[in-house]
Amino acid sequence: MSANEAVIRFEEVSKSFGSKRILQDVSFDIARGSAFCILGRSGTGKSVTLKLMIGLLKPEQGRIFVEDQEITALHARELPPVRKTMGFLFQNAALFDSLSVGENVAFPLRRHTNKPEADIKDRAREKLAQVGLEHEYDMMPADLSGGMRKRAGLARALALNPSILLVDEPSAGLDPMTSAEIDSLLLNLKSERDTTLVVVTHNIPSARRIGDELVVMHEGHFIAHGTAKELDQSDHPVVREFMKSEGGG
Amino acid sequence: MIERIGALVVAALAWAGEVGLFGLRALREALRPPFEAKELLRQLYDIGSRSAPLIAVAGFSVGIVMSMHSRSSLERFGAEALIPSVLALSLAREIAPLVAGLLVSGRVGAGIGAELGGMRVTEQIDALESLAVDSFKYLVVTRVLACMIAQPILTTFMSFTGIVGGFVAETVISDLSFRLYFDRAFSSMQFVDYVPASLKTVVFGFIIGTVSSYLGYNAAGGAEGVGKASTKSVVYSSILLILANVVLVKMIIFFFPEEIG
Amino acid sequence: MPSSRNFAVGLFLIVGILLFAVGLFMIGDRRKLFSQDFELYAEFKELSGLQNGADVKVGGMAAGEVIDIEVPPQPQSKFRVKMRIIEKLHPVVRTDSIATIQTEGVLGNKFLKIDQGAPQAQAAPPGSTIPSREPFDFADLLQQIRDTVEEVQGKMGDVFASISTTSGNANALIESVRGDVENIISTSRKVTDDVQEITDGIRAGRGTVGRLLNDEKVADSASKAFSDFEKAAGNTREISQQFTHILSEFQERKILQEIEQITKNVRQLTGQAKDAITDFQAKGGKGESLTGNLSRTITSAGEAMSSLAENMEALKRSFFFRGFFKNRGFYDINNVTVAEYREGKFAAGKLRQQAWIYETELFAHGSDGSEELSAAGKSRLDAVMAEFQRYLRNSAIIVEGYSGKGLTSEQFLLSTDRALKVREYLVEKFRLDPNYVGTMPMGAVASKDNSGTYWEGVAVVVFYDKPD
Ligand SMILES: Nc1ncnc2c1ncn2[C@@H]1O[C@H](COP(=O)(O)OP(=O)(O)OP(=O)(O)O)[C@@H](O)[C@H]1O
Ligand SMILES: [Mg+2]
Numbered sequence: 078m079s080a081n082e083a084v085i086r087f088e089e090v091s092k093s094f095g096s097k098r099i100l101q102d103v104s105f106d107i108a109r110g111s112a113f114c115i116l117g118r119s120g121t122g123k124s125v126t127l128k129l130m131i132g133l134l135k136p137e138q139g140r141i142f143v144e145d146q147e148i149t150a151l152h153a154r155e156l157p158p159v160r161k162t163m164g165f166l167f168q169n170a171a172l173f174d175s176l177s178v179g180e181n182v183a184f185p186l187r188r189h190t191n192k193p194e195a196d197i198k199d200r201a202r203e204k205l206a207q208v209g210l211e212h213e214y215d216m217m218p219a220d221l222s223g224g225m226r227k228r229a230g231l232a233r234a235l236a237l238n239p240s241i242l243l244v245d246e247p248s249a250g251l252d253p254m255t256s257a258e259i260d261s262l263l264l265n266l267k268s269e270r271d272t273t274l275v276v277v278t279h280n281i282p283s284a285r286r287i288g289d290e291l292v293v294m295h296e297g298h299f300i301a302h303g304t305a306k307e308l309d310q311s312d313h314p315v316v317r318e319f320m321k322s323e324g325g326g
Numbered sequence: 229m230i231e232r233i234g235a236l237v238v239a240a241l242a243w244a245g246e247v248g249l250f251g252l253r254a255l256r257e258a259l260r261p262p263f264e265a266k267e268l269l270r271q272l273y274d275i276g277s278r279s280a281p282l283i284a285v286a287g288f289s290v291g292i293v294m295s296m297h298s299r300s301s302l303e304r305f306g307a308e309a310l311i312p313s314v315l316a317l318s319l320a321r322e323i324a325p326l327v328a329g330l331l332v333s334g335r336v337g338a339g340i341g342a343e344l345g346g347m348r349v350t351e352q353i354d355a356l357e358s359l360a361v362d363s364f365k366y367l368v369v370t371r372v373l374a375c376m377i378a379q380p381i382l383t384t385f386m387s388f389t390g391i392v393g394g395f396v397a398e399t400v401i402s403d404l405s406f407r408l409y410f411d412r413a414f415s416s417m418q419f420v421d422y423v424p425a426s427l428k429t430v431v432f433g434f435i436i437g438t439v440s441s442y443l444g445y446n447a448a449g450g451a452e453g454v455g456k457a458s459t460k461s462v463v464y465s466s467i468l469l470i471l472a473n474v475v476l477v478k479m480i481i482f483f484f485p486e487e488i489g
Numbered sequence: 136m137p138s139s140r141n142f143a144v145g146l147f148l149i150v151g152i153l154l155f156a157v158g159l160f161m162i163g164d165r166r167k168l169f170s171q172d173f174e175l176y177a178e179f180k181e182l183s184g185l186q187n188g189a190d191v192k193v194g195g196m197a198a199g200e201v202i203d204i205e206v207p208p209q210p211q212s213k214f215r216v217k218m219r220i221i222e223k224l225h226p227v228v229r230t231d232s233i234a235t236i237q238t239e240g241v242l243g244n245k246f247l248k249i250d251q252g253a254p255q256a257q258a259a260p261p262g263s264t265i266p267s268r269e270p271f272d273f274a275d276l277l278q279q280i281r282d283t284v285e286e287v288q289g290k291m292g293d294v295f296a297s298i299s300t301t302s303g304n305a306n307a308l309i310e311s312v313r314g315d316v317e318n319i320i321s322t323s324r325k326v327t328d329d330v331q332e333i334t335d336g337i338r339a340g341r342g343t344v345g346r347l348l349n350d351e352k353v354a355d356s357a358s359k360a361f362s363d364f365e366k367a368a369g370n371t372r373e374i375s376q377q378f379t380h381i382l383s384e385f386q387e388r389k390i391l392q393e394i395e396q397i398t399k400n401v402r403q404l405t406g407q408a409k410d411a412i413t414d415f416q417a418k419g420g421k422g423e424s425l426t427g428n429l430s431r432t433i434t435s436a437g438e439a440m441s442s443l444a445e446n447m448e449a450l451k452r453s454f455f456f457r458g459f460f461k462n463r464g465f466y467d468i469n470n471v472t473v474a475e476y477r478e479g480k481f482a483a484g485k486l487r488q489q490a491w492i493y494e495t496e497l498f499a500h501g502s503d504g505s506e507e508l509s510a511a512g513k514s515r516l517d518a519v520m521a522e523f524q525r526y527l528r529n530s531a532i533i534v535e536g537y538s539g540k541g542l543t544s545e546q547f548l549l550s551t552d553r554a555l556k557v558r559e560y561l562v563e564k565f566r567l568d569p570n571y572v573g574t575m576p577m578g579a580v581a582s583k584d585n586s587g588t589y590w591e592g593v594a595v596v597v598f599y600d601k602p603d
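Keeping their order, the protein sequence lines are chains A, B and C. All residue numbers for the first sequence refer to this note's numbering, where the first residue is 78 and numbers rise by one. All residue numbers for the second sequence refer to this note's numbering, where the first residue is 229 and numbers rise by one. All residue numbers for the third sequence refer to this note's numbering, where the first residue is 136 and numbers rise by one.
Think of the hints as simulated: they come from the structure by calculation, not from any bench. Incorrect hints may appear among the rest.
[Claimed, not checked] Straight-line Cα separation of at most 25 angstroms, DSS-like style, residue types lysine-lysine; simulated pairs:
# : chain 1 : residue 1 : chain 2 : residue 2
1 : B       : K266      : A       : K198
2 : A       : K192      : B       : K266
3 : C       : K513      : C       : K480
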């Protein structure tokens, strides 16, 4: 493998829950600074794949590398340093409901930096402003709408300026305008910070806009892997169906 | 029938073993830096400070009731002078540890089970992990430790408020000074009545913290799962606490055979 | 918010730790953990449940604790109790301080009591063994007295028989000792009666055992408990053991020790008398000194016996009367000697009304010389009581017994006997509260206002408040 090219690498990874196969011998590379979009119908295992990348789930077989570290071989105690370089947006945002929105964003900063209190708050505010929540710093997560929660979760994932950003359906539940803003935020991160993006989405236009590489998951396999154009040429019925649907998520 | 009971026993033992390992892991992790001091403080507040009023009121009432009971039986022997010391002895040795233990397993056990269960099913625990935080250390170790620290203190509160309750019940009947009542309360108490009983509550705290954290941390099945975790936390930690008490009392008697009459 | 939370946690921890420390201190203070101390030993055959860690009290002050109890290596040896006492109290613990095992309250813990020593004795050196007294068993004492009395009666019978079958100057001797021997036998009969009365009292849960405690209410419940115990246990020994600690008050005042000692004396003296008789017979009753020796021994035996009877009387009275009179403003009859009674100590500030009744008005004599209340005597007493009726509220009645016959000890016996017979009749006939009717054996000389006059019979005295 080429060390400076692949930031995330799956080697024949298999994952199942009970008798249910989610991934079967899946291998792929994600290049540094690229945007990798995962498409697929509901329940095919997109979120599971994302969690495998950050070590929240362990595969039964195969190896997963992040920045040349085989995370599947790491002890739980050795994972945090790797995770500090990664940002993760959960499908349901997973904000800490005992903390305010601002404190959710400040949380990773407090834990992993020695910045003074004022700097931490400034940084948290800045991240919230990037997702359009500059006025919601002191609100509690329970008082936010689903879309706002999602954006707050993204702000938290961005707090430590990760070099790898894993986002699970960033535009789900958002209006087209906000959705477009999030897309351009992600594109900005990619171009300005060379951030590697892994995006799970149902939103095909959005995937076309930001995705360098797209994959379609189906029954445990990547049935298609390539640029949007390449996927448009695919003769796999499921892929064709998918690329035609254009539906937003 | 017997097979089913056998299977049940095996399952129960396996469960207990798993919870035990979970607790031991918490103790081991507690000794390894970094220490989650801030979070521990927050848990001490939730588990300790905020339980104190409940424990104090309960202790006070228990003191009054026990004082009235011991009066009615001791009076027959003309031994009213022994009421404070009988009350204090039974509070310190058994009543305060057990009642405080059960109250805390109700209030705190349910709380921990629900809170951690909620965090588990809404992926907040995963979120912590994704933010490079050791969720076990952050959530479980702090709660187990806080329970172990708070339990003996709450028990002490209960003993003392119990004595105050006894004193109040007694002032209605006689005009003993508090100073004298208090002196009498401790007149036949020995270290062996007081110290081991207080220390055993550390074990109670460990049981409550471990069992409810285990159930919450490993909750599954959405809101219903959270509810179950919460209920089970109370039931299982209470039962284990009562069983452990039997063993601990036996142990105390074994180690201090002469002093405990 | 976080600062107020930190405050709450800080308060919680500090108050908790402080309270715990207060508890430790309260125990430690009593245990004298933090002060200087020294160690002593005392030995006991019988521990009565004394345990390691039991309190040690010197002059009633909590002074330390029992720290070790060594089990005797063989049956005859004693338990060796090691105790720790605070240094502050060292000056009053002398080599002659006596250790006894006592009970706190009615059902309380056992503790070790150490008397303050005599001023001339040295301070007990650390590590030394101080003298001890065995725990007192009331039932044992009663049994011992009973045995002694039986033995004495047997021996005296022998003495009498031996003397009469002895030739020589036996007749003179018989005359000289007959009085003493008769005295001993009748005194011993009285002692047996007293023992019986006390035993019956305990068995019936009657009497005033409970009143031995200071607190009236405690006493009530104690005697209730006493009869409960009695029902459950069904034997005197058990009960009296339960209440031995109540009797420790007697022990304080040495009555029981005295009785125990006197019992020993009686046994010893009558033994000597028996030896003297044997000697006397062996030598054929010859020799002045031998006769004198024998009669002296028997006289002292007789004296010892009457002092035993006197003590039994005192015991019985304290048993039944103690604490009662106090409540109505009378001096405790148990604490009044005959001399003090004569001086009016019993009911200072009360008015008195007295009725004198001569012996012949009261008693009919049985064939064996014993006295019984006669029908005439009874109606005489009825008349006296009719007279006293108006004084009876809140008052006490004392029946004074008088007798001028024979030796002082005989006078004492007969006057007691007369007073008791009258008291018994009055209590029964007029349903008087037995607790407020006492007896006082006056001997021969009538009380103050008739000073110098001898009297034979009784005087019934009622003590009452000035009418308002
Ligand atoms: N912790 C788990 N235990 C058991 N099964 C799981 C678990 N997590 C996911 N699954 C199962 O794995 C499958 C894939 O789930 P996943 O969440 O990855 O779907 P998805 O592709 O993200 O779907 P969606 O688009 O609806 O979010 C589902 O059928 C789900 O039931
Ligand atoms: Mg998903």
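Okay, the hints, checked on the actual structure:
1. Restraint check for K266 of chain B and K198 of chain A: the C-alpha separation of about 18 angstroms stays at or below 25 angstroms, so the hint holds.
2. Annotation: proposed proximity of K192 of chain A to K266 of chain B holds, straight-line Cα distance about 17 angstroms (limit 25 angstroms).
3. Restraint check for K513 of chain C and K480 of chain C: not satisfied, since their Cα atoms lie roughly 30 angstroms apart, outside the 25 angstroms limit.
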